[in-house]
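*Asks:* Residues per chain are reported as follows:
Protein chains: 2
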Amino acid sequence: MRLSQTFTKTTKSTPADEQANNAKLLIQAGFIHKEMAGVYAYLPLGLQVIENIKQIVREEMNNIGGSELIMTNLQRQELWEKTDRWNDEVVDIWFKTELKNGSKVGLAWSHEEPITDMMRNYISSYRDFPVNVYQFQNKLRNELRAKSGIMRGREFIMKDLYSYSRNNEEHDKIYSQVTEAYKRVFDRVGLGDITYVTSASGGAFTKYSHEFQTITEAGEDTIYVDKEKKIAINEEVYNDEALAELGLSKEGLEKTTSAEIANIFSFGTEKSKQLGLSYTDEDGQEKPVVLGSYGIGITRLMGVIAEHFSDDKGLVWPISVAPAKVYLANVGESEAVKNQADKLYEDLLKSGISVIYDDRDTRPGQKFGDADLMGIPYRVVVSEKTLESNGFELKARTANDTRIVNQEELMKTLENKS
Amino acid sequence: MRLSQTFTKTTKSTPADEQANNAKLLIQAGFIHKEMAGVYAYLPLGLQVIENIKQIVREEMNNIGGSELIMTNLQRQELWEKTDRWNDEVVDIWFKTELKNGSKVGLAWSHEEPITDMMRNYISSYRDFPVNVYQFQNKLRNELRAKSGIMRGREFIMKDLYSYSRNNEEHDKIYSQVTEAYKRVFDRVGLGDITYVTSASGGAFTKYSHEFQTITEAGEDTIYVDKEKKIAINEEVYNDEALAELGLSKEGLEKTTSAEIANIFSFGTEKSKQLGLSYTDEDGQEKPVVLGSYGIGITRLMGVIAEHFSDDKGLVWPISVAPAKVYLANVGESEAVKNQADKLYEDLLKSGISVIYDDRDTRPGQKFGDADLMGIPYRVVVSEKTLESNGFELKARTANDTRIVNQEELMKTLENKS
Numbered sequence: 101m102r103l104s105q106t107f108t109k110t111t112k113s114t115p116a117d118e119q120a121n122n123a124k125l126l127i128q129a130g131f132i133h134k135e136m137a138g139v140y141a142y143l144p145l146g147l148q149v150i151e152n153i154k155q156i157v158r159e160e161m162n163n164i165g166g167s168e169l170i171m172t173n174l175q176r177q178e179l180w181e182k183t184d185r186w187n188d189e190v191v192d193i194w195f196k197t198e199l200k201n202g203s204k205v206g207l208a209w210s211h212e213e214p215i216t217d218m219m220r221n222y223i224s225s226y227r228d229f230p231v232n233v234y235q236f237q238n239k240l241r242n243e244l245r246a247k248s249g250i251m252r253g254r255e256f257i258m259k260d261l262y263s264y265s266r267n268n269e270e271h272d273k274i275y276s277q278v279t280e281a282y283k284r285v286f287d288r289v290g291l292g293d294i295t296y297v298t299s300a301s302g303g304a305f306t307k308y309s310h311e312f313q314t315i316t317e318a319g320e321d322t323i324y325v326d327k328e329k330k331i332a333i334n335e336e337v338y339n340d341e342a343l344a345e346l347g348l349s350k351e352g353l354e355k356t357t358s359a360e361i362a363n364i365f366s367f368g369t370e371k372s373k374q375l376g377l378s379y380t381d382e383d384g385q386e387k388p389v390v391l392g393s394y395g396i397g398i399t400r401l402m403g404v405i406a407e408h409f410s411d412d413k414g415l416v417w418p419i420s421v422a423p424a425k426v427y428l429a430n431v432g433e434s435e436a437v438k439n440q441a442d443k444l445y446e447d448l449l450k451s452g453i454s455v456i457y458d459d460r461d462t463r464p465g466q467k468f469g470d471a472d473l474m475g476i477p478y479r480v481v482v483s484e485k486t487l488e489s490n491g492f493e494l495k496a497r498t499a500n501d502t503r504i505v506n507q508e509e510l511m512k513t514l515e516n517k518s
Numbered sequence: 101m102r103l104s105q106t107f108t109k110t111t112k113s114t115p116a117d118e119q120a121n122n123a124k125l126l127i128q129a130g131f132i133h134k135e136m137a138g139v140y141a142y143l144p145l146g147l148q149v150i151e152n153i154k155q156i157v158r159e160e161m162n163n164i165g166g167s168e169l170i171m172t173n174l175q176r177q178e179l180w181e182k183t184d185r186w187n188d189e190v191v192d193i194w195f196k197t198e199l200k201n202g203s204k205v206g207l208a209w210s211h212e213e214p215i216t217d218m219m220r221n222y223i224s225s226y227r228d229f230p231v232n233v234y235q236f237q238n239k240l241r242n243e244l245r246a247k248s249g250i251m252r253g254r255e256f257i258m259k260d261l262y263s264y265s266r267n268n269e270e271h272d273k274i275y276s277q278v279t280e281a282y283k284r285v286f287d288r289v290g291l292g293d294i295t296y297v298t299s300a301s302g303g304a305f306t307k308y309s310h311e312f313q314t315i316t317e318a319g320e321d322t323i324y325v326d327k328e329k330k331i332a333i334n335e336e337v338y339n340d341e342a343l344a345e346l347g348l349s350k351e352g353l354e355k356t357t358s359a360e361i362a363n364i365f366s367f368g369t370e371k372s373k374q375l376g377l378s379y380t381d382e383d384g385q386e387k388p389v390v391l392g393s394y395g396i397g398i399t400r401l402m403g404v405i406a407e408h409f410s411d412d413k414g415l416v417w418p419i420s421v422a423p424a425k426v427y428l429a430n431v432g433e434s435e436a437v438k439n440q441a442d443k444l445y446e447d448l449l450k451s452g453i454s455v456i457y458d459d460r461d462t463r464p465g466q467k468f469g470d471a472d473l474m475g476i477p478y479r480v481v482v483s484e485k486t487l488e489s490n491g492f493e494l495k496a497r498t499a500n501d502t503r504i505v506n507q508e509e510l511m512k513t514l515e516n517k518s
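Sequence order for the protein chains is A and B. Residue numbering for the first sequence follows the working numbering, starting at 101 and increasing by one per position. Residue numbering for the second sequence follows the working numbering, starting at 101 and increasing by one per position.
Don't read these hints as lab results, they were simulated from the structure. Heads up, some of the hints might be wrong.
Copies of the same chain look alike in the list, so a pair counts if it works inside one copy or between any two.
With a Cα cut of at most 16 Å, we get these calculated EDC-like pairs of lysine to aspartate or glutamate [claimed, not checked]:
1. Lys109 x Asp228
2. Lys425 x Glu446
3. Lys204 x Glu243
4. Lys200 x Glu243
5. Lys200 x Asp188
6. Lys200 x Glu189
7. Lys387 x Asp228
8. Lys109 x Asp472
9. Lys438 x Glu488
10. Lys327 x Glu354
11. Lys355 x Glu328
12. Lys307 x Glu370
13. Lys387 x Glu270
14. Lys373 x Glu212
15. Lys307 x Glu341
Kindly generate the complete structure, drawing on both the sequences and the hints.
*Replies:* Shown next, in the form of structure tokens:
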């Protein structure tokens with residue numbers, strides 16, 4: 101994309117009520133727009149980051165046999181009453197509205213109930229398994245406080261996967277497959293080193309559920325981390341009994357602040373019984389289906405990445421999620437400089453390398469500042485100086501120095517990193 | 101995808117309250133699920149059709165300089181009050197809900213107000229134009245009746261583009277660019293021949309707006325079509341004066357039922373004045389911005405395609421939007437047949453040809469029936485008979501006869517059609 105034709109602009113000002121570093125940076129860089137507390141629009145650069153994250157998650161979900169679908173935002177009261185989750189005192193983050201005929205409908209904060217109900221159309225025999233479905237959905241949650249930028253939204257994008265299994269053994273298998281897939285996701289977006297599978301409170305079916313907690317000061321959770329074992333325990337279940345059960349000892353644990361970027365949860369057969377989802381097994385017996393639920397907060401993940409990969413100059417996106425790999429800027433207004441920059445822009449696009457081309461008629465300091473603020477992994481400059489040297493000025497966002505490289509070397513460097 | 105591993109199934113039954121042919125067919129073929137009247141989930145095959153349509157629209161919007169973003173579902177009351185569109189008596193399809201603090205919020209049925217308000221951050225000078233932004237958004241509209249399947253949803257996907265121009269001349273230019281882009285979209289999805297740019301009621305700024313109306317018995321509109329001039333006039337503005345202004349004569353017009361699959365609309369400077377969006381022109385004068393709004397109902401478009409391209413056996417997708425190009429089925433259970441079908445499946449995928457592989461252990465009649473019901477453009481069969489002839493049985497969904505072709509000819513046929 102050419103910045104001269106892009107409507108977004110970087111800015112120094114942020115909304116007076118914005119407290120979160122992730123949202124401040126993303127607003128300043130022109131990635132998001134704040135509509136109200138906890139409700140953000142995603143502008144072209146922000147949307148590209150979202151799509152990059154989604155694609156990584158999609159690949160890993162498909163890789164373990166997930167089928168993508170999209171459920172609805174409007175939900176039926178009767179389904180949630182069957183599981184006792186319609187009542188606002190039980191689930192305190194519902195947004196509800198009503199149809200013209202006066203009947204209440206819920207706005208999607210999760211989808212266990214509608215998906216499980218729908219599966220009654222598709223699951224009736226042991227031959228119908230396994231069933232693992234997922235979606236990227238715009239969730240609405242009526243949060244009392246929404247002060248963490250895109251890390252806690254009243255409206256946010258979630259990837260939620262639901263597994264339907266014949267028995268606990270099959271459930272445990274997909275549960276651990278999802279766990280491994282999530283680890284790959286967080287490795288690929290650059291957070292693997294600081295993300296811990298964390299035991300947290302469970303439910304009727306299992307004593308513990310599992311969260312993926314990423315260490316960040318911007319988080320709202322407190323966990324105790326065993327860095328050697330690469331696991332953690334959430335403060336909410338931190339006690340002697342739990343430590344013993346999880347094989348952890350107080351001495352090996354570090355207390356830290358973290359953000360929950362994903363969770364995985366076993367519902368057992370409770371919801372299937374409540375909603376009437378059963379199947380006939382090989383022995384002719386009718387049995388309830390075992391349900392698992394697995395969420396990744398896509399926009400929250402973007403917020404955590406923004407918090408973690410940033411410095412005093414702005415964002416520092418990992419290549420895997422960056423809105424573009426290269427920030428190309430022409431410096432100087434001669435035709436020769438412009439022509440060479442135009443040509444390189446075309447060459448990069450032809451090689452499949454994504455580029456933000458700063459072809460604006462503005463001063464170099466602004467261009468360099470914006471390149472840093474937007475956090476694009478590589479900056480390439482075309483100037484009178486680089487023309488003279490028959491090369492291009494290349495700088496990684498994380499490097500202190502620039503270097504002059506010829507086009508062959510430039511393309512090789514940029515093509516190799518992915 | 102392998103049907104043996106796909107959770108959806110074809111069915112003969114449809115919900116008792118379902119009246120629309122498009123929804124009946126799509127439910128029977130396993131493309132959608134009905135959550136409530138006018139509210140449908142999109143299962144893997146249905147989602148693929150949606151994504152194919154979106155990609156065609158995206159290419160055409162990018163082609164005229166559109167930038168993709170995504171606005172929010174939750175909307176602020178104050179913005180819609182400024183334009184007098186918050187009141188339920190003015191806009192009778194609002195869904196509304198409220199935050200914990202009791203303030204009302206609207207659920208997105210359109211986005212002129214929030215986008216125009218947001219643009220105050222990005223538009224201030226004549227140098228900031230043109231600005232053309234679009235999104236694919238889940239819209240919610242509280243329709244009194246929702247009996248047309250996915251052609252009129254309480255929840256549906258819309259592509260909406262908003263143009264911001266300095267003056268009427270620039271506005272007229274983008275208005276006609278969008279018109280042409282929409283024509284290309286409808287050509288590409290196969291509806292070009294039966295879709296008419298139709299004059300309809302305008303607003304404060306223009307006497308007429310323009311709709312794209314597709315001739316179909318399933319539609320809810322009535323238009324008068326001039327087939328020679330390739331334009332039409334909506335019944336709502338059909339009178340002698342309008343005919344004269346549009347250069348149409350009664351004799352040349354055919355009355356017909358149609359569905360509005362897109363509309364384009366000029367708002368002039370009204371909303372910009374109400375919401376305070378202005379810019380400083382080259383002459384130093386502050387001027388209001390000219391707004392245009394352009395919608396395509398993506399899910400409605402899918403419904404119209406399903407209505408139009410179907411027969412007594414099921415759906416008949418055009419290749420451009422089909423969930424897969426090929427329906428591959430093995431008939432007979434010998435290892436040789438299975439191996440050859442497996443191999444062809446891999447070969448097709450390697451060649452970038454999308455395939456639904458019916459590898460289920462079921463009778464041929466079921467496989468052929470499902471291939472027809474799902475409406476996949478080409479059916480390829482591997483059987484003992486085809487093994488003997490060293491070929492494959494190929495049949496287009498629209499053809500009556502099968503023919504035996506060798507692999508080279510098969511690949512050539514399937515690669516050429518796109």
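*Asks:* Each hint should be assessed against the structure and marked as holding or not.
*Replies:* Status of each hint after checking the structure:
Within a single copy, Lys109 and Asp228 get their C-alpha atoms only as close as 52 Å, which misses the 16 Å cut-off; across copies the closest is 10 Å, which meets it. For the identical chains of this complex, Lys425 and Glu446 are intra-copy neighbours only, at 14 Å inside a copy versus 33 Å across copies, given an alpha-carbon limit of 16 Å. Taking the shortest alpha-carbon separations for Lys204 and Glu243, only the inter-copy value of 14 Å comes in at or below 16 Å, while the best intra-copy value is 20 Å. For a Cα distance limit of 16 Å, the shortest separation of Lys200 from Glu243 across copies, 7 Å, qualifies, whereas the shortest one inside one copy, 26 Å, does not.
Only between protomers do Lys200 and Asp188 lie at most 16 Å apart by alpha-carbon distance; the minimum there is 11 Å, versus 22 Å within a single protomer. Proximity of Lys200 to Glu189 under the C-alpha cut-off of 16 Å is restricted to the inter-copy arrangement: shortest distance 13 Å between copies versus 25 Å within a copy. For the homomeric pair Lys387 and Asp228, the shortest alpha-carbon distance inside one copy (13 Å) is at most 16 Å, but the shortest distance between copies (63 Å) is not. When the C-alpha separation of Lys109 and Asp472 is checked against a cutoff of 16 Å, the pair qualifies only within one copy, where the shortest distance is 14 Å, while the shortest distance between copies is 51 Å.
Only within a single protomer do Lys438 and Glu488 lie at most 16 Å apart by alpha-carbon distance; the minimum there is 14 Å, versus 64 Å between protomers. In this assembly of identical chains, Lys327 and Glu354 lie within 16 Å of each other by CA distance solely inside one copy; the values are 8 Å within and 76 Å between copies. When the C-alpha separation of Lys355 and Glu328 is checked against a cutoff of 16 Å, the pair qualifies only within one copy, where the shortest distance is 14 Å, while the shortest distance between copies is 76 Å. For the homomeric pair Lys307 and Glu370, the shortest alpha-carbon distance inside one copy (15 Å) is at most 16 Å, but the shortest distance between copies (59 Å) is not.
Taking CA atoms no more than 16 Å apart as the test, Lys387 paired with Glu270 passes inside one copy only; the shortest distance there is 14 Å, against 66 Å between copies. In this assembly of identical chains, Lys373 and Glu212 lie within 16 Å of each other by CA distance solely inside one copy; the values are 13 Å within and 45 Å between copies. Only within a single protomer do Lys307 and Glu341 lie at most 16 Å apart by alpha-carbon distance; the minimum there is 12 Å, versus 75 Å between protomers.
Going down the numbered hints, you'll see the structure goes against none, and every one checks out.
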